[in-house]
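*Asks:* So the chains spell out like this:
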Amino acid sequence: MALSTRYVSKETLASLRRNRLMTVAAILTVAVSLSLVGVALLLQQGVSNATVRWSNGVNVAVFLQASATPAETLAAHQQLMSMPEVKRCYYMDKKESYQQMRQLYANQPDVYQSVTINEVPPAYRCVLTNANDAVMVGQALQGEPGVRNVVYPGQEITTMRKVSFVVQVIFMSLAAVLFLSALVLVANTIRLAIFARRREVAVMKLVGATNWFIRVPFMMEGLVQGLAGGLVALGAIVLLHWGFESTIGHAGAQNIFQALVIPTSSTILIGVLVAVIGAVMGALSSLLAIRRFLAV
Amino acid sequence: MILFENVSKTYKGNIPALRDASFEIDKGEFVFLVGPSGSGKTTLIRLLLREELPDSGRIWVAGKDIIRLGHWKVPYLRRNLGCVFQDFRLLPSKTVAENVAFALEVIGRPAHVIRLQVPQVLDLVGLGAKASAYPHELSGGEQQRVAVARAFVNRPLILLADEPTGNLDPKTSLGIMRLLDRINRTGTTVVIATHDSGIVDRMRRRVIELRDGEVIRDQERGVYGYGT
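Chains as they are written, first to last, in the numbering used here: chain A, 33 to 328; chain B, 346 to 573.
A portion of the hints provided could be inaccurate.
Which chain A residues stay away from chain B? Per the calculated CB distances, all over 12 Å, these [what the hints assert, rightly or not]:
id: 1; residue: Y39
id: 2; residue: N51
id: 3; residue: A57
id: 4; residue: T148
id: 5; residue: M236
id: 6; residue: I246
Sample of chain B residues with no beta-carbon within 10 Å of chain A, all distances over it, derived [stated by the list, open to error]:
id: 7; residue: P420
id: 8; residue: P437
id: 9; residue: V451
id: 10; residue: Q465
id: 11; residue: N499
id: 12; residue: E508
id: 13; residue: G511
id: 14; residue: R523
id: 15; residue: N529
id: 16; residue: T531
id: 17; residue: R549
Below, in silico cross-link-like pairs of lysine-lysine (DSS-like), each with a Cα-Cα straight-line distance of 27 Å or less [claimed, not checked]:
id: 18; chain 1: B; residue 1: K372; chain 2: B; residue 2: K418
id: 19; chain 1: A; residue 1: K194; chain 2: A; residue 2: K119
id: 20; chain 1: B; residue 1: K475; chain 2: A; residue 2: K42
id: 21; chain 1: A; residue 1: K42; chain 2: B; residue 2: K372
No lab work stands behind these hints: they were computed from the structure. Values in this document were obtained by computation on a predicted structure and should not be read as measured data. Ideal placement from N, C-alpha and C gives every residue a C-beta, glycine not left out.
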C-alpha cells in the first residue's frame with residue numbers, strides 16, 4: 033500500500049505543531065529522563081575505567097625490602113601464587129621500579145634523585161580475580177619476612193565504587209520514574225492529536241484507508257518526540273563529558289578522578305544508545321495511545 | 346451485489362434492531378430503505394459497512410461474505426462502498442476540492458490520479474465552480490453534493506446514503522435525489538435509507554420497508570407506504 037513519506041511527514045509535522053505545548057513538555061521529560069540514564073551509564077563506565085586503569089588492573093602491590101634475599105623473594109611469590117584470589121603476579125625488579133618512580137614523579141625530580149637504584153624496593157604487582165579481595169590478600173602478606181609493605185589502593189576505588197553505585201541507583205530510579213511519566217506524556221500528546229483529528233480519522237475509516245495508514249502518522253509523531261528527547265539527552269551527555277574532561281582531564285595522573293574520564297567514543301556510544309532508547313520509547317507509547325484511543 | 350440472509354442484530358439490552366432480515370439487491374439497482382426512526386435502517390447500513398457484526402445470518406457484498414472478512418480486509422470492502430450521511434461529515438478545515446481529494450489520498454491514490462478525478466467528480470455534482478470554497482461557505486444542499494462527490498470519486502460499486510436529505514428542504518432534496526439517480530445510471534448500485542415520503546413517492550423506485558427490524562415490504566416501483 034502506498035503510504036508516501038510526503039504524506040506521513042506532512043501529517044506528522046502538522047500534528048506536532050498543533051500540540052506544541054504538550055509536545056515540548058513530552059520532549060523535555062524524555063530528555064531529562066534519558067539524560068539521567070546517560071549520566072548513570074557514563075559513571076558506570078568511568079568507574080570501571082578507573083578500576084582497570086590503576087596500573088593495568090593491578091589490585092595489590094607487594095613491596096619487598098630493598099635488602100630482601102632471593103629466598104625471601106621466592107617465598108613471597110609462592111605465598112601469593114598459593115592464594116586462589118590471586119589471578120597473576122608479575123615481578124618488578126629494582127630497575128623497573130626505579131623507572132616507574134621516575135615516571136610517576138616526573139614533575140618532582142628531587143624525589144627520585146634522592147634515591148639510588150639500590151635503595152628502591154622491588155615489588156610484586158598482582159591482579160586479583162575479584163578486586164574486593166585486595167584487603168585480604170594485602171593483610172596476608174603484611175609482616176612476612178622480606179616484605180616491606182603492601183599497598184592496595186583498592187581502598188579509594190572501593191569507596192568510589194560504593195559512592196558511584198549509590199549515585200547510579202538514585203539516578204536510575206529517578207530516571208525510571210521520569211521515564212514512566214515521559215511515556216504517559218507522549219501517550220497523552222498522541223491521544224490529544226487523535227482527538228484533534230477525530231473527524232479526519234472517521235472519514236478515513238469510512239472511505240477505506242487501511243489501519244496502518246491511519247496509525248503511522250500518529251506513531252511517527254510519538255517516535256519524533258522520543259527521538260527529539262533522546263537527542264537533547266545526547267547533547268547533554270556530550271556537554272557533560274566535555275566539561276568533565278576540561279576540568280579534571282588535565283589534573284594529572286595522581287588524581288583518581290582523572291581515571292573517570294572515559295574516551296569520547298564511549299560517550300558518543302552512550303549518547304546514541306540513549307537517543308535510540310528515546311525513539312523506541314516514543315514509538316511504543318504512541319502505539320499504546322493508538323491501541324487505547326484509536327478504534328480501527 | 347448485496348445479499349442479506351436471515352440477518353438479526355440486537356444491541357445490548359435493547360429490542361432487536363434487525364430481525365431475520367432477508368433481501369437481495371442486484372447490480373445497478375436503485376433502492377429505497379424506508380421505515381420510521383428506529384426501524385433498523387441505520388443498523389442495516391452499519392452492517393453493510395461492517396461497522397457492526399450481526400448476531401446471526403449472513404451478508405454478502407460484491408460476492409464476498411463480509412462477516413467472515415478478515416479485520417484487515419475491511420478497509421478494502423469500504424473502498425467499494427461510497428457513503429453519504431445526513432450530517433455530511435465534511436472536514437471544515439479543508440476546501441471542497443481538498444475534501445474530495447482526501448478520500449483518494451488516504452487510500453493511497455497517486456497525485457496525478459487525484460488531480461484528474463477531483464475536478465471531474467465536482468463537475469458531475471455541479472460544484473466545479475466552488476472547488477476552493479470551504480464547507481461553511483456552502484448551503485446545505487451544496488455540502489451534501491460535496492459529500493456525494495467524496496463518496497463517488499473512487500467509483501465505488503455501491504453508493505449508500507443514510508437520510509441524505511434529512512437536513513435539507515424539499516426542493517434541495519429533490520436535487521440530491523436527481524444527482525443520486527444520475528450516479529445510478531453510471532451503473533452504480535444506490536441504496537438510500539430515508540423517511541422522506543415525498544421523494545420516495547415521486548421517484549417510484551424499488552422500496553424495502555422495515556418496521557421494528559423486520560422487512561415488511563419489498564416492492565418494485567413502490568411508494569413510501571400505505572397510509573403512513
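*Asks:* Find the nearest Cβ of chain A to the Cβ of R523/B and say whether that gap is larger than 10 Å.
*Replies:* Non-interface label on R523/B holds, nearest chain A Cβ at 24 Å vs cutoff 10 Å.
*Asks:* Decide, holds or violated, for the assertion that all CB atoms of chain A are farther than 10 Å from the CB of P420/B.
*Replies:* violated, 4 Å
*Asks:* Quick check for students: does the CB of E508/B sit more than 10 Å from each CB in chain A?
*Replies:* holds, 16 Å
*Asks:* Is the nearest Cβ of chain B still more than 12 Å from the Cβ of M236/A?
*Replies:* violated, 5 Å
*Asks:* Closest CB-CB distance from N529/B to chain A, is it above 10 Å?
*Replies:* holds, 20 Å
*Asks:* Please verify that the nearest CB of chain B lies beyond 12 Å from A57/A's CB.
*Replies:* Check passes; 25 Å lies beyond 12 Å.
*Asks:* Checking one constraint from the list: CA of K42/A to CA of K372/B, max 27 Å. Satisfied?
*Replies:* Given pair K42/A, K372/B is violated - Cα atoms ~39 Å apart, limit 27 Å.
*Asks:* Within 27 Å, alpha carbon to alpha carbon, are K475/B and K42/A?
*Replies:* At roughly 25 Å apart (the allowed maximum being 27 Å), K42/A and K475/B satisfy the hint.
*Asks:* Going straight from one Cα to the other, do K372/B and K418/B come out at no more than 27 Å?
*Replies:* Holds. K372/B to K418/B sits at ~22 Å (cutoff 27 Å).
*Asks:* For Y39/A, is the shortest CB-to-CB distance to chain B above 12 Å, so the non-interface label stands?
*Replies:* violated, 7 Å
*Asks:* Is the Cβ of N499/B farther than 10 Å from every Cβ of chain A?
*Replies:* Nearest chain A Cβ is 7 Å from N499/B, so the label is violated.
*Asks:* Does I246/A sit more than 12 Å from chain B, CB to CB?
*Replies:* With a cut-off of 12 Å, I246/A comes too close to chain B, as the shortest Cβ separation is near 8 Å.
In terms of the numbered hints stated before, the structure departs from hints 1, 5, 6, 7, 8, 9, 11, 21, listed from lowest to highest.
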